[in-house]
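Residues per chain are reported as follows:
There are 2 protein chains.
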Amino acid sequence: MRFPSLKQTRFNLITIGYEILDGKILNTNSKWLAERITSMGGRVDRMITVGDDIGEIAWAVRESIKSGVDWIITSGGLGPTYDDLTLRGVAKALKRKLVLNRKALKMLKERYKQLYERGVIPSPELTPQRIKMAMLPRGGRPLRNEVGSAPGVLLRSGRTRIVCLPGVPSELKSIFENEVKPLIEKSLKKVFRVERWFEVRGIAESTLAPRIETLRSGSPDVYIKSHPRMEEGRSMIRLQLISAANRLKTAERRVEKVAESLRRMVIELGGEFSPIEGDVA
Amino acid sequence: MRFPSLKQTRFNLITIGYEILDGKILNTNSKWLAERITSMGGRVDRMITVGDDIGEIAWAVRESIKSGVDWIITSGGLGPTYDDLTLRGVAKALKRKLVLNRKALKMLKERYKQLYERGVIPSPELTPQRIKMAMLPRGGRPLRNEVGSAPGVLLRSGRTRIVCLPGVPSELKSIFENEVKPLIEKSLKKVFRVERWFEVRGIAESTLAPRIETLRSGSPDVYIKSHPRMEEGRSMIRLQLISAANRLKTAERRVEKVAESLRRMVIELGGEFSPIEGDVA
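Protein chains in written order, with our numbering: chain U, 1 to 281; chain D, 1 to 281.
Because the hints were derived from the structure by calculation, they are not lab data.
Please note that the accuracy of each hint is not assured.
Since the list can't tell identical chains apart, any single copy or any two copies may satisfy a pair.
[As the list claims (entries may be wrong)] With a cut-off of at most 30 Å between alpha-carbon atoms, the simulated DSS-like pairs for lysine-lysine come out as follows:
| id | residue 1 | residue 2 |
| --- | --- | --- |
| 1 | K186 | K92 |
| 2 | K106 | K95 |
| 3 | K173 | K225 |
| 4 | K31 | K225 |
| 5 | K109 | K181 |
| 6 | K189 | K7 |
| 7 | K66 | K31 |
| 8 | K225 | K92 |
| 9 | K7 | K249 |
| 10 | K225 | K109 |
| 11 | K173 | K31 |
| 12 | K186 | K7 |
| 13 | K31 | K92 |
| 14 | K225 | K113 |
| 15 | K24 | K186 |
| 16 | K92 | K173 |
If you're wondering where the values come from, they're calculated on a predicted model, not measured in any experiment.
Work out the full structure: start from the sequences and follow the hints.
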C-alpha cells in the first residue's frame, strides 16, 4: 500500500546471481531488506534480480537511478571469483573506473591474516582474486564485513546512494545492521502509521465493494481493504483501514474520517458496523 | 550460469504487489516459475517486482519487451478489487485499450454459477468488480483458471508473448501447468545439459584459481566452479563442470575438453585429479 501525500525515503533492491534466476534459491535477502526498510519507515519501490552479467547489472542500476530513488541496495556478486561482477556493473552504470581502495585493502589484509592465524587458510597472501575485492568504483567507501571477507561498498551518484552488500545472508545482515542502518536512519523522513479494523455484518460484499471503491477514490491516503469471510453460514466482512503520514495527528484524522463515512454508509444500507479492538489474526 | 553460444528461449518474470515490496511475503511464485522454466530448458533473464501501480507495471513490461525476451510472465494483480491493476498496466505498456472479452466473461459466469450452487457466494450476479476480470487488453486471450476466479491472460506483442497469471500460488501453478506449459514447450529450443564433477588434491585453491580463470576465458561455454573444502586438515577442491548446447554431443565434447585441460594442469602442478561418479552432495 502506498500513500500519495506521504513523503518517504525510497529504495530499490537489486539482487545479482544466476542461482536466483535459475530458481535454485528463494530471494530471502530482498524480503529481509524490505522488511527492515519498511519497519524503519522507508519504502521499497522495485526489486530487480539480474544475472552475473555486467550489462544487466548496469541496466538495473541505471534504471533505478533514473527512477529517482534515494537508495539502491544491491546484494550478491562481491566475492573473489570471476563471476562476481557487481562492482564492475555498478562502475559501468556510473561511468567510473575501478580503483584500488587502500581502506578496503587493509580490511582484507586483516581478515586474511586472522583466517591464516586461525588455521582456516594456508596462506594470508593477498592474491589477485583477493585484491579484486578492494577494487571499488572511484569514490566508493568500503563497509566493514565482520562475518566474511568481501567488504560492502557505499557510493553516491547525484542524490542516490548506492550500497553493495554480499549475497551471503549472514554477511548482508551484519553489514546492513552495523554500517548501513545508521546511515539510512539519518536520511529517513518521519512516518507515522495508523491501522484500524472494523466488522461489517448484514451486507453482502458485492453491495459494499462499489461503495468502498467510491470512498477510496476520494481518500487516496487511506488504504481500505475488505476481507470477506463466512461465519456460521453468514457472510461477514472485516475492513482494514491504514493510513500513514509524516505527522501522527494527520494519519489518525484521515483514518477516523474514512471510518465515520463507512459507519454511516453501512448503517444506511441496514448493516451493523463495529470496531475490532486488539490484534486481528 | 549462462552459455554464450547456446540458443535458449528467454523469459522475464514480473511480480506485482506491495506485499512483496513491503517484505511481508517471499516471492515464491518467481522461484517456482524459474525452476519450471529452467528445467524445461528455458532461461530467466530478469525478475522484476513492482507495486500495484499502473505506471510501474507498464515500465516493467516495456523494459522486458525492449530487452527482446521471448516470454514475459506476470503474476499478481488480476483480481476483482481496485488495486488489481495488472491488465491496466499491461494495456498501457502495449498502448492498447481494455475490452470486454466474451470468452473470459463466459468463464467467469460459469465460475460464479458454480460457486453460487455450492453455496459459497450469496449471488451469481456478474457485478462490475467481477466483469472487470473479463476486461482484457485488446488481442488478449483468456486462460482457464480451474482453481480460482480470475482467468489468466495471453497476449502477443511483436515476437514477445505475455502471460498474466494470478498471484495466488495454487491458481498460478494450475494455469501454468494446464495452459501455459504446452505453449512454452512448443516454442522451446532444444537444450542438452552435461554436468561432471572432479576432485583435486594436493594443490591450494589460491594456486589453482588463476589457472582456472585463464582456462575459463578460453572456454566460455563451459561453466567451471571450484568448491574448496577442508578434509582432515587438508584442503581438497571439488570442481564442477557444466555445459549445455543445442546438441548433446556438443555439450559432452566441450566438458571433456575442459576436463582434459584441467587434468593436465593439475598433474603438472603435482596434484591429484580424479572424477567423482554419481551424486554430489
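A quick look at each hint next to the structure:
For the homomeric pair K186 and K92, the shortest alpha-carbon distance inside one copy (29 Å) is at most 30 Å, but the shortest distance between copies (38 Å) is not. Taking the closest pair of Cα atoms, K106 and K95 come within 30 Å of each other only inside a single copy of the chain (26 Å); across copies the shortest separation is 54 Å, beyond that limit. When the C-alpha separation of K173 and K225 is checked against a cutoff of 30 Å, the pair qualifies only between copies, where the shortest distance is 26 Å, while the shortest distance within a copy is 33 Å. In the homo-oligomer, the alpha carbons of K31 and K225 lie at most 30 Å apart both inside one protomer (23 Å) and across protomers (28 Å), since each shortest distance falls under that limit.
For the homomeric pair K109 and K181, the shortest alpha-carbon distance inside one copy (26 Å) is at most 30 Å, but the shortest distance between copies (51 Å) is not. In this assembly of identical chains, K189 and K7 lie within 30 Å of each other by CA distance solely inside one copy; the values are 7 Å within and 48 Å between copies. Taking the shortest Cα distances, K66 and K31 sit within 30 Å of each other both inside one copy (23 Å) and across copies (27 Å). Proximity of K225 and K92 under a CA criterion of 30 Å is satisfied inter-copy only: 25 Å between copies versus 43 Å inside one chain copy.
Taking CA atoms no more than 30 Å apart as the test, K7 paired with K249 passes inside one copy only; the shortest distance there is 15 Å, against 59 Å between copies. Taking the shortest Cα distances, K225 and K109 sit within 30 Å of each other only across copies (25 Å), while inside one copy they are farther apart (54 Å). Proximity of K173 and K31 under a CA criterion of 30 Å is satisfied in both settings, with 12 Å inside one chain copy and 22 Å between copies. With identical chains, the CA atoms of K186 and K7 are at most 30 Å apart within one copy only, with a shortest distance of 15 Å there and 48 Å across copies.
For the identical chains of this complex, K31 and K92 are neighbours both inside a copy (27 Å) and across copies (28 Å), given an alpha-carbon limit of 30 Å. When the C-alpha separation of K225 and K113 is checked against a cutoff of 30 Å, the pair qualifies only between copies, where the shortest distance is 25 Å, while the shortest distance within a copy is 56 Å. For the homomeric pair K24 and K186, the shortest alpha-carbon distance between copies (24 Å) is at most 30 Å, but the shortest distance inside one copy (36 Å) is not. Taking CA atoms no more than 30 Å apart as the test, K92 paired with K173 passes inside one copy only; the shortest distance there is 26 Å, against 38 Å between copies.
Figure legend: structure checked against the earlier numbered hints; every hint is met.
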